[in-house]
Every structure is written in C-alpha cells, then in structure tokens.
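Peer 1: For reference, the chains in residue letters:
Number of protein chains: 2
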Amino acid sequence: MNLPRGFRYAATYAGIRKVVKSDLALIVSDTPAAAAAVFTRNRVVAAPVTLARKNLKASRGTACAILVNAGNANCATRTGDKVALETVRAAAKALGVKPEQVLPASTGVIGVEMDASKIVETLPKLVARLDAACFDAAAAAIMTTDTVPKTAFAEIKSGRKVAFVAGMTKGSGMIQPNMATTLGFVVTDAAVSPAVLRSALKRAIGHSYNRVSVDGDTSTNDMVAVLANGASGVKPPAKAFEAALTSVLESLARQIARDGEGASKLVTIDVEGAANERAAEKIARSIANSPLVKTAIAGSDPNWGRIICAAGYSGAAFDSRKVDIDMQGIPVCRGGLAADFFEDVLKAKLDEKDCHIRFALRGSGRGRARFWTCDFTYDYIRINASYRT
Amino acid sequence: MNLPRGFRYAATYAGIRKVVKSDLALIVSDTPAAAAAVFTRNRVVAAPVTLARKNLKASRGTACAILVNAGNANCATRTGDKVALETVRAAAKALGVKPEQVLPASTGVIGVEMDASKIVETLPKLVARLDAACFDAAAAAIMTTDTVPKTAFAEIKSGRKVAFVAGMTKGSGMIQPNMATTLGFVVTDAAVSPAVLRSALKRAIGHSYNRVSVDGDTSTNDMVAVLANGASGVKPPAKAFEAALTSVLESLARQIARDGEGASKLVTIDVEGAANERAAEKIARSIANSPLVKTAIAGSDPNWGRIICAAGYSGAAFDSRKVDIDMQGIPVCRGGLAADFFEDVLKAKLDEKDCHIRFALRGSGRGRARFWTCDFTYDYIRINASYRT
Numbered sequence: 355m356n357l358p359r360g361f362r363y364a365a366t367y368a369g370i371r372k373v374v375k376s377d378l379a380l381i382v383s384d385t386p387a388a389a390a391a392v393f394t395r396n397r398v399v400a401a402p403v404t405l406a407r408k409n410l411k412a413s414r415g416t417a418c419a420i421l422v423n424a425g426n427a428n429c430a431t432r433t434g435d436k437v438a439l440e441t442v443r444a445a446a447k448a449l450g451v452k453p454e455q456v457l458p459a460s461t462g463v464i465g466v467e468m469d470a471s472k473i474v475e476t477l478p479k480l481v482a483r484l485d486a487a488c489f490d491a492a493a494a495a496i497m498t499t500d501t502v503p504k505t506a507f508a509e510i511k512s513g514r515k516v517a518f519v520a521g522m523t524k525g526s527g528m529i530q531p532n533m534a535t536t537l538g539f540v541v542t543d544a545a546v547s548p549a550v551l552r553s554a555l556k557r558a559i560g561h562s563y564n565r566v567s568v569d570g571d572t573s574t575n576d577m578v579a580v581l582a583n584g585a586s587g588v589k590p591p592a593k594a595f596e597a598a599l600t601s602v603l604e605s606l607a608r609q610i611a612r613d614g615e616g617a618s619k620l621v622t623i624d625v626e627g628a629a630n631e632r633a634a635e636k637i638a639r640s641i642a643n644s645p646l647v648k649t650a651i652a653g654s655d656p657n658w659g660r661i662i663c664a665a666g667y668s669g670a671a672f673d674s675r676k677v678d679i680d681m682q683g684i685p686v687c688r689g690g691l692a693a694d695f696f697e698d699v700l701k702a703k704l705d706e707k708d709c710h711i712r713f714a715l716r717g718s719g720r721g722r723a724r725f726w727t728c729d730f731t732y733d734y735i736r737i738n739a740s741y742r743t
Numbered sequence: 355m356n357l358p359r360g361f362r363y364a365a366t367y368a369g370i371r372k373v374v375k376s377d378l379a380l381i382v383s384d385t386p387a388a389a390a391a392v393f394t395r396n397r398v399v400a401a402p403v404t405l406a407r408k409n410l411k412a413s414r415g416t417a418c419a420i421l422v423n424a425g426n427a428n429c430a431t432r433t434g435d436k437v438a439l440e441t442v443r444a445a446a447k448a449l450g451v452k453p454e455q456v457l458p459a460s461t462g463v464i465g466v467e468m469d470a471s472k473i474v475e476t477l478p479k480l481v482a483r484l485d486a487a488c489f490d491a492a493a494a495a496i497m498t499t500d501t502v503p504k505t506a507f508a509e510i511k512s513g514r515k516v517a518f519v520a521g522m523t524k525g526s527g528m529i530q531p532n533m534a535t536t537l538g539f540v541v542t543d544a545a546v547s548p549a550v551l552r553s554a555l556k557r558a559i560g561h562s563y564n565r566v567s568v569d570g571d572t573s574t575n576d577m578v579a580v581l582a583n584g585a586s587g588v589k590p591p592a593k594a595f596e597a598a599l600t601s602v603l604e605s606l607a608r609q610i611a612r613d614g615e616g617a618s619k620l621v622t623i624d625v626e627g628a629a630n631e632r633a634a635e636k637i638a639r640s641i642a643n644s645p646l647v648k649t650a651i652a653g654s655d656p657n658w659g660r661i662i663c664a665a666g667y668s669g670a671a672f673d674s675r676k677v678d679i680d681m682q683g684i685p686v687c688r689g690g691l692a693a694d695f696f697e698d699v700l701k702a703k704l705d706e707k708d709c710h711i712r713f714a715l716r717g718s719g720r721g722r723a724r725f726w727t728c729d730f731t732y733d734y735i736r737i738n739a740s741y742r743t
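Line by line, the protein sequences give chains G and Z.
With our numbering applied, the first sequence corresponds to residues 355 to 743, in that order.
With our numbering applied, the second sequence corresponds to residues 355 to 743, in that order.
Since the hints were made in silico from the structure, they are not lab data.
There could be a bad hint or two in this list.
No distinction is drawn between identical chains; accordingly, a pair holds when it is met within one copy or between any pair of copies.
In silico lysine-lysine, DSS-like type, Cα no more than 25 Å apart, as pairs [what the hints assert, rightly or not]:
1) Lys372 / Lys701
2) Lys676 / Lys372
3) Lys472 / Lys701
4) Lys511 / Lys589
5) Lys436 / Lys676
6) Lys408 / Lys676
7) Lys707 / Lys515
As the structure is a computational prediction, the values presented were derived from the model and not from experiment.
Work out the full structure: start from the sequences and follow the hints.
Peer 2: Right under this line is the structure:
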C-alpha cells in the first residue's frame, strides 16, 4: 500500500521495557497537520492523555508529531505530569516545533515511575532516524502483548489525484467497547480541517473501536489520534473522508479483537431487529463480553443458550420468543427455541478462525449493530496472571 | 448444627443428568409455610421461574415444597411451561397438597427439551424417601459444576426457645451481582409472616447474593427461596430474623465465590469512603468483575494498577488522587500513587486461599460496600469450553 506523503517515522529501544525490543516511536508530519483524538473515559487518566488533550486544545487542533512509548503507562505515578511534559518538550526541541504540537501517548504497566531521561536522551537518535519508510517499525514499537503489528490502509480518489490513509494500532488486553480503546494512530495526506477531522473521527470510532471487546477492561491510557497534513492536495468531501477513515479504523479494531490476549478466533456478532441502534449495541456488547459465550467459542461448543442468556441481561428489552440465533450461518435457535442442526457439522465449522454469531429479533425494529470480540482461552489467563512480573 | 423442625428432604437420580449422580431433590415442610423468593432479572426467564413466581402469588406467599432438578434448565424449550406444570402437579399429588404450594426450580443446560416423565415417574420414590436427616443429600443433588455442596446455618434465640435457619445453595458459573443469583433454598422453623419474610429476604439478598460475582454472567434460572413453617413456636422480632437470614445468605454467597468455576482463591473486596453505598457497590462490582484483576490475583501479582483502573471505569465518580489501596492488609497505593512495599512478601501473602482488597477514598463520603469474587484461572476456561459436551 502507498503511504501518505509528508510523514516520517522512527522507532528504537530506549530501555523502558525490560526486554530489548523497540519501545519508543515517533510519528512526524513535515508540516503542521490538522489533528484530532479521542481518549479513554476512565476516571483514572494517565499523564500523557491529560497532556495530549491539553496540547490539542492549545494548538487548536493541529499537531506535528506523536511521541509514543511502550513498557510504562506513565499513570498513577508521582512524576507523571512532569515526565510527560519533559519528554514532549524534548521532542519539540529536537524537531524544531512548538511543544503543544507534540501529542504524547504511553502504554504499559500502571503505577511505576517512568524515567524521563531515557526518552530525552534517546530523542536525538530517534529524530535522526526519521524516515518515510519506517511506518512498520513504528507499528512494531507500540506493541505490548500483541503477537502481530496491526496496520490498515485506504485511498481516497479525487479526479486524477489520490489521498492515502494509513493507520497503526496496538491491543490486546484491557479492550472494552464504548471507549477510544487502546492506542491507535492514523496519518493521512488528505486536506481536512480540524473540525471535519474531529467529527469524522468521532463517528468512525463509534462504529469501530467502540464496537470491539477483548475482556471488558478499559485502560487509563486509551487514545486514538489522527493527523491530516494535506500533502496530497486532495480535499475530499467530508463523507468520502469519513468512509476511508472508518474503513481503516474498522480494520484496526478487528485486528485488535483477532489478536486479543490468548485469542484463537475472531468473533463477529451481528444484532438485527432491535428497537434501535442503542439497544442492538447493548445486546451485542453483552454477548461479546460474556466469559461463558467466549469460552464456549474457544471450545467450539454451539451453546446458544449462553448467547440468549447474555442478551437477556444486557438491559435491552426484547421478547425471548422472537429471538433467532445463527452460528456460522447455521440456525441454532428459532423463536427462542432450539433449532434442528447437526451438532458435529456446526462444531467443525466453529473450529475455524472466524466465528460469526447472528442474533435477530423478529419484527421488532430496525436497530442493528456489529461487534467484534475473541474467544477466551487458557492463554488469556497465562498472559495476565503474571503481566507485571 | 441443628436443623429446623418440621422439614424433610429427599434426593435421587432421575436420569436428567448424563452421569449417574443425584439430580432431583425435594424439600418439604410438614405444614404450609410462609414463603418468599427472589428471581433472576434476566429478560430470558426459564419456565420454572415463571411458574414459581405464579404459584407464590396464587398461594399468597405460602408453600409446602420446593422441587429442584439439576442437569437441565428447562429454559428456551418448546415444552418448558408444560413440563414445569406437569412436574409440579405430580409432586403436589404425591404430597397431598395444592399445586400452587409447590415451587419448581431447575438448573443445567439451556435450550434442551426436558422429559417430564423422568421426574413424574421418580416422584413416588422421592416422596417415600423424605427424611428430616436428608438435608445434605438435597444440597448435593442441586450441584452442577460445584466442587463441594454449600450449606449454612443460624439460630435465633428467644427466651428459652430457639428457632433454626438452614440454607443450601449451588454455584458456580453464571454468577453476577445484582441478581438473586444461582439457586438457594433456606428453611426455618421460625414463625414469620409472608410479608415480613419477603422484606427480610429482599434486604438480606442485597447484602449477600447481590454482592457476589464469579464471571459477570447472570443465569435465566436464578432463584433464592425461603420457607418459614413456625414449627419452633418462636416468633422472632423482624430485625433478629433478618440478621439470622442475612448471616446464612452471606455465608452461602461467600461459598459460591470461593467455589467459583476454576477458582483457587476467595477474594473479598471492601470499598470505603465513596459518596454513597451505591457508588461503593459500583466500584466494588467493577473490581470484582475485571478479568485483569482476577487473573492478577490468580498469579499472586500485586498489580494494583488494574484495581484502580477497574474502579475508574465503574461509572462512580471519584478523585484518583484520593485513592488508597491495600492488598492483604499491606498498603500498595496511597493517594493514587504506588506505596512502598516488599513485593516478595506481598506475593507470598497473595498465595493464600483468602485474598483481601481494600479500596478506600480519603475524606469523600460514608458509602461502603463489601463484595466477594474469586480468581480467574486456567480451570475456568477448561470447565466452560466444553460444558455442554
């Protein structure tokens, strides 16, 4: 895929992680870009989230760079704000831009003091390495328990010109819908105003990151940011831009679910016929977050009783006699009752890497929602029982 | 412990479970007893829940018997209502009481048709076996994935007389706070009116079953019922009765958490200093339901960052700079920041079977709540990946 013009990237190991593996990344736009971001709604907010929000306000929705570290969340520490500010200032100085045009982001363990000097001292080297071709290196540096880097791309055509959109993200625990979940960064060379960027991001997030769940936990550091530098000369219609942004964010969100901690399967949940979209979303989220549904999927067990049960406690009103459920396209429940299906055939289909659950309410309403989650396996426990140590 | 007078119990294998192990139990009061029950708030409700609710209404809060089966939830089936009614009628006939004085309850797999004849044909044998000493046999018959039967007892003294309270319950998956979770049956020979029984049960449930969580899933079949037959001649003050009932239900709820599917540890969460009890409960529930907190406890990892994070997305408002967290009595967080503690000492303490988390807000309010949950281990996955098969 073609990358947007006018952006450069760099990544290196700054000694923040215990293991020697890139843990610091820089994304730079050659010219000040329109910028927008969504942040965690957790009451406990990491220092970089607070500073990024402040900088976006001070710069009136423009930014030149994103500075990201993995290995330490810089959250719930004595020196958090100071560390965030110091590293942002150092990056701004090295890049020759204003500090408010640098957006900081962190991911990693909470409650451990972060050593600003590690980042400050590494920055000159990082800036020297900036290169338009290092997009993938940056995507790798922001990984924590992710098993694969996650990137997605789109194009926006306008006459003979094309603008490009490229995104990177990281998972893979503490993923919960209804938040600007995890870290995600999107760059584009489309020309978009900060106001259009903000509203496009808000809507696109609603149908992507806010519809994905790994474990129902929401991080203190969640952030998705977009930079649009206009280097393509393409000024796309707002709708076309939003569609491209949504497709990139949706792909990234799906990749997060597929790479959920310990996950072996991507589960797509489609809810149809609910009273409205909100009710559909409630039902889908409840199914997506149910450990019993997720363990059944891990075991390729077509246990639709757990699906209807999770819908039942979602808080959305529905008549259980009007529920149809399909798994892998095979009817397992019709009108709230067991449908006839060949258990062995369905079990074999549930062994596939992609599982689909359709939950439809007959003749109720037009509310629909799509959600992504993953199965719940031994490995989730293994990864999380000793994350800190 | 002494059992309440005027009750008899029986249990047997009726062929509902696949494995040969008691799956049908009967609890009978020799005289019509005051009766009260709380039921699941799931939208999808099993047939026995609907019928038990109806019978309690028709009998104006009296009952002679509880008929319970394990192995099939009798939920989301074509013949559910018919099966529930048929078995209740057969029990009533065999006992010589009115059908509305029999409360049915079921637990097991959802969506599989239940064969009423198995129960109807077994009932004469079951009634013939009724015995005041078979309390434990009944408690064993209602188990599903429970590893141990769960019972609790209390006494109410009144002058020289004593009334007894005895309870049994089953877990151990699909346990979620804010519901009359799982199945629980309490019998007492105290003389209590249906109205007093109802209000005492409602309040007692609020501080016991509604404060326990295994996996955040809420069953379609949850029910806790109490029968009070007055056989002791003791008419206790409402407060004394409520205290005894609460102590029994609290003990049962704790036992459910300790025996949560795959659990190796009981986790008690105390929240203090919240704006009000509701806010305290929200925070405690959020911590109790966090898979990240529960896996950290499984790994004896004092990862308090996950605790403050779970509190942060609970929906309760608080200032993170006023948060103190203790684990096993050792301060791990003060004023939202890491406290100094010896990691190895705390890790060793977290290896114990009982874990305690204290989450206190400084100088905020008087709201407090206690919650129980369990750790999240490999075995939860093993048990639930193939429950049906």
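Peer 1: Next, verify each hint and record whether it holds.
Peer 2: Results of checking the hints against the structure:
1. Lys372 / Lys701: between (42 Å within a copy, 20 Å between copies)
2. Lys676 / Lys372: For lysine 676 and lysine 372, the Cα distance exceeds 25 Å both inside one copy (54 Å) and across copies (30 Å).
3. Lys472 / Lys701: neither (51 Å within a copy, 29 Å between copies)
4. Lys511 / Lys589: within (10 Å within a copy, 82 Å between copies)
5. Lys436 / Lys676: The answer is between: 19 Å across copies meets 25 Å, while 56 Å in one copy does not.
6. Lys408 / Lys676: For lysine 408 and lysine 676, only the inter-copy Cα distance (23 Å) is at most 25 Å; the intra-copy one is 49 Å.
7. Lys707 / Lys515: Result: close neither inside a copy nor across copies, 38 Å intra and 66 Å inter.
When the structure is compared with the earlier hints, violations turn up for hints 2, 3 and 7 and for no others.
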